[in-house]
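Below are the chains, spelled out letter by letter.
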Amino acid sequence: MSVLDLSRLQFALTAIVHFLFVVLTLGLAPIVAFFQTRWAITGKEIHERLTRYWGQLYIVNYAMGIVVGLAMEFQFGLHWGGLMTFAGDVFGAPLATETLVAFFLESTFLGMWIFGWHRLNRWVHTTLIWLVVLTAYLSAFWVMVANGFLQEPVGHVIEDGVARIDDFGALLTNQQAIGALLHIVPVCLLTGSVVMVGICSWHFLRGTPDVDFFRRSLRVAVVVGAVAAVFAVGNGYAQFGYLTEGKELALGASVADRADFQAEMEALHGPGDWTPPTWISFAWPLMEISGTIYLMIFSGLVLFLIKNAFDRARPARLRRFWHRFYVWTLPWPFVVVACGWLLREVGRQPWVVYGELTTAEAVSGHSARTVLASLVVFGTLFATLAVLDWWLIARLARRGPHDLVLGSDGAGRGLGTPGGEAELVLAERS
Amino acid sequence: MDVLWLGLLGLLLTGWSVLDGANLGLGASLRRIGRSGPERRLLLTAIGPFLLGGEVWLVAAFGIMIGAFPGLEKDLLFAYYPVIVGLVVSWILRDIGIWFRSRRCSRAWQRGWETIVVLASTAMPFAWGLLLGNVVQGVPTNGRPGVETLIGPYSLLWGAVVVAVFTLHGAVFAALRLPPERRTRAAGTVHRAGAAALALLAVVGVATPAFSVDLARPLPAAVLGVVAVAAVVASTRLFAGERDRWAYVCTAVAAAAPVLAAGLATSPRLLDGIAASGTLDLLTVVVAPLVPVLIAVQAWMWWTFRHRVGVGSAVFF
Chain A
1 MSVLDLSRLQ FALTAIVHFL FVVLTLGLAP IVAFFQTRWA ITGKEIHERL
51 TRYWGQLYIV NYAMGIVVGL AMEFQFGLHW GGLMTFAGDV FGAPLATETL
101 VAFFLESTFL GMWIFGWHRL NRWVHTTLIW LVVLTAYLSA FWVMVANGFL
151 QEPVGHVIED GVARIDDFGA LLTNQQAIGA LLHIVPVCLL TGSVVMVGIC
201 SWHFLRGTPD VDFFRRSLRV AVVVGAVAAV FAVGNGYAQF GYLTEGKELA
251 LGASVADRAD FQAEMEALHG PGDWTPPTWI SFAWPLMEIS GTIYLMIFSG
301 LVLFLIKNAF DRARPARLRR FWHRFYVWTL PWPFVVVACG WLLREVGRQP
351 WVVYGELTTA EAVSGHSART VLASLVVFGT LFATLAVLDW WLIARLARRG
401 PHDLVLGSDG AGRGLGTPGG EAELVLAERS
Chain B
1001 MDVLWLGLLG LLLTGWSVLD GANLGLGASL RRIGRSGPER RLLLTAIGPF
1051 LLGGEVWLVA AFGIMIGAFP GLEKDLLFAY YPVIVGLVVS WILRDIGIWF
1101 RSRRCSRAWQ RGWETIVVLA STAMPFAWGL LLGNVVQGVP TNGRPGVETL
1151 IGPYSLLWGA VVVAVFTLHG AVFAALRLPP ERRTRAAGTV HRAGAAALAL
1201 LAVVGVATPA FSVDLARPLP AAVLGVVAVA AVVASTRLFA GERDRWAYVC
1251 TAVAAAAPVL AAGLATSPRL LDGIAASGTL DLLTVVVAPL VPVLIAVQAW
1301 MWWTFRHRVG VGSAVFF
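Sequence lines, in order, name chains A and B. In terms of the working numbering, the first sequence opens at residue 1 and continues consecutively. In terms of the working numbering, the second sequence opens at residue 1001 and continues consecutively.
Keep in mind that the hints were calculated from the coordinates and are not lab data. All of these numbers come straight from a predicted model, not from anything done at the bench. The reader is advised that the hints may include incorrect statements.
[To be verified] Derived list of chain A stretches under chain B, where covered just means 3 residues or more per stretch with a C-beta under 8 Å from a C-beta of chain B: (1) 95-106; (2) 179-186; (3) 317-328; (4) 373-386.
[As the list claims (entries may be wrong)] Which chain A residues stay away from chain B? Per the calculated CB distances, all over 10 Å, these: (5) V60; (6) L70; (7) I114; (8) M265; (9) G272; (10) F334; (11) H366; (12) A368.
Note that beta-carbon positions come from the ideal geometry of N, C-alpha and C, so glycine has one too.
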């Protein structure tokens, strides 16, 4: 493989693994904030447990999102020097803003939220999780602005072969950024809901004693999921309104259409392969079908909230079949969102900045061996850590709303350590 | 304007060195200061509230580098590719080690992740120091330094200096955060790391002219070197007198000194990579007004968690 292929592979790996965790982070955060708000208002123990149970899954998931995000931040400088040279002045601004104005605050607030239990006033503590949600979504906005520029470079002029910002407003209101954001936000919420429904189903299958707890969780998940599914599908289709021509081909096009486009681009840019690879056309039908199915499932699930039919409907065999279905299909939305990114990024080929800079021009001049070495290192690391993280999340999810790890004061098994060892240490002093 | 942006970059990197430097230093001594599983958990609880808020300074610094210094970003990451990969890998492992360590009761699991935290918390400052040591020897444009520079003795020396000052800083931080009667656990590490830091700083002072490293602005770097030595000496004295807060202030100065010295000594080269004035104007409008807010939020965080860990501290890591 060439250095271009290896650099692209590394970028794709980092971006996708990062997003697999971010999508759930964004999906669960508002739900956790909602539970905590109810807890702050009612002061009821059930709401505290809801907050802490879903909150701990949220933050263990967050860990991987953050560390792969670190690697992500360095990808541009490590492998795409040509992009930094050509578009660094434009593309860098939203990324810089994202890290400083959004992520910096998000990280600080999240640290305070995790460790502010028992220390902060409950309203201050609740405000913190909402601030985490707000800054997380603000991050998503800035990232989409940067990505939107790559999809359709607006708001800039080219001086001496270097792009300079001309109209910042145009960058911020780029349809490719806003349209995609309006699609991806409900997708995140839908993914969070699918995961919650799957976990609730698992507990119902096992005849959980915490029926009330999981019914409450399920209600929130189904309502959020049903609304989110409508917007996820609707705003997905809405993006057809402003697809670039290259992207239209990536959705699947006839040989004749591709040839026409190729000829048109050759006239503009000279000889070369100007069409996205054909294999990427698998992604669109898969997203379309999955979105439609989730829309139907969640519309149906809303009916099963009536009189708690979800865990009471008969015949029991059919009910259990559906519970198993929700458990086994829990990973599916992650496959679908990965397709979304593949379509968006691979579908832009051969461009990194659509119509202006190709990936071949943008790639740094490393030797293929150098990039292969770092690809193997990061690939092994991400694969191992992702599997471990999912396993830890699954363990916490299975344990149910007992011995909660988040908001533990160092007493009981909640520590995840034998006999509450930290308590032992802390208690020695008193 | 240009100097302002270099100043902001310097501020973020200094913030990272002081705040995450303490976490890294403590992580590197996790198994030395903490003798048993429960003690190590206590140390991780001490790091707890400061981990995310500390490391984010480096995330922000590289973000600002992408936005305001795209040319420099590209040159640094191309020239020092293996060092950067090492930095990022050790950073990931340090974080994940801290998050994962207490997620299972198994002793083997916990010991394994403790070892990873120790190794990664040592490797990350070392990679950072290696990067600084290379930067002071001149950042090539669109090129790469030879192996003799990249991991040459002078660069390795910088790596060792950063590890030593961070370890000292982290040990004082541990003393500051642990319950009072456990404070003495850190004394041995403070003592040894202090001695090592002094020796290594002295060697850098001698080696810089000896290796005829050509600094654009040698004077501020030399002054910072002297300040760092004074800060290390003062911190060990203050620690011996049980004045931990003041000792922390001194080690914070020592932790910040390497990046400030390297940055000031090479500032003309760093400014070469700055973005176009239009981009900087824009960032000044969008980002600069928020910097006081960021610092206020961080100050709120430090204030909230200023107490030593004790009964009632939220335990997660």
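For each hint, the structure was consulted:
Here the segment 95-106 of chain A counts 10 residues with a CB under 8 Å from a CB of chain B, which clears the bar of 3, and the coverage holds. A stretch counts as covered by a chain when three or more of its residues have a beta carbon under 8 Å from one of that chain; for the segment 179-186 of chain A and chain B the count is 0, and the coverage is violated. Here's how the segment 317-328 of chain A fares: 0 of its residues keep a CB closer than 8 Å to some CB of chain B, so the rule of at least three is not met and the hint is violated. Only residues whose C-beta sits within less than 8 Å of a C-beta in chain B count toward coverage, and the segment 373-386 of chain A has 5 of them, enough to reach three; the restraint holds.
Residue placement check: A/V60 does not keep its beta carbon more than 10 Å from all beta carbons of chain B (closest about 7 Å). Taking the minimum C-beta to C-beta distance to chain B, about 6 Å, the non-interface status of A/L70 is violated against the 10 Å cut. With a least CB separation of 5 Å from chain B, A/I114 falls inside the 10 Å interface cut-off, contrary to its annotation. Interface exclusion of A/M265 from chain B stands, the closest Cβ pair being 28 Å apart, more than 10 Å.
With a minimum CB-CB distance of about 25 Å to chain B, A/G272 clears the 10 Å threshold, and the non-interface call stands. At roughly 20 Å from the closest C-beta of chain B, the C-beta of A/F334 stays outside 10 Å, upholding its exclusion from the interface. The Cβ of A/H366 does not lie farther than 10 Å from every Cβ of chain B; its closest approach is about 7 Å, which violates its non-interface assignment. Distance check for A/A368 against chain B: the nearest CB is about 13 Å away, which clears 10 Å, and the non-interface claim stands.
Consistency with the previously given hints fails for numbers 2, 3, 5, 6, 7 and 11, ordered from lowest to highest.
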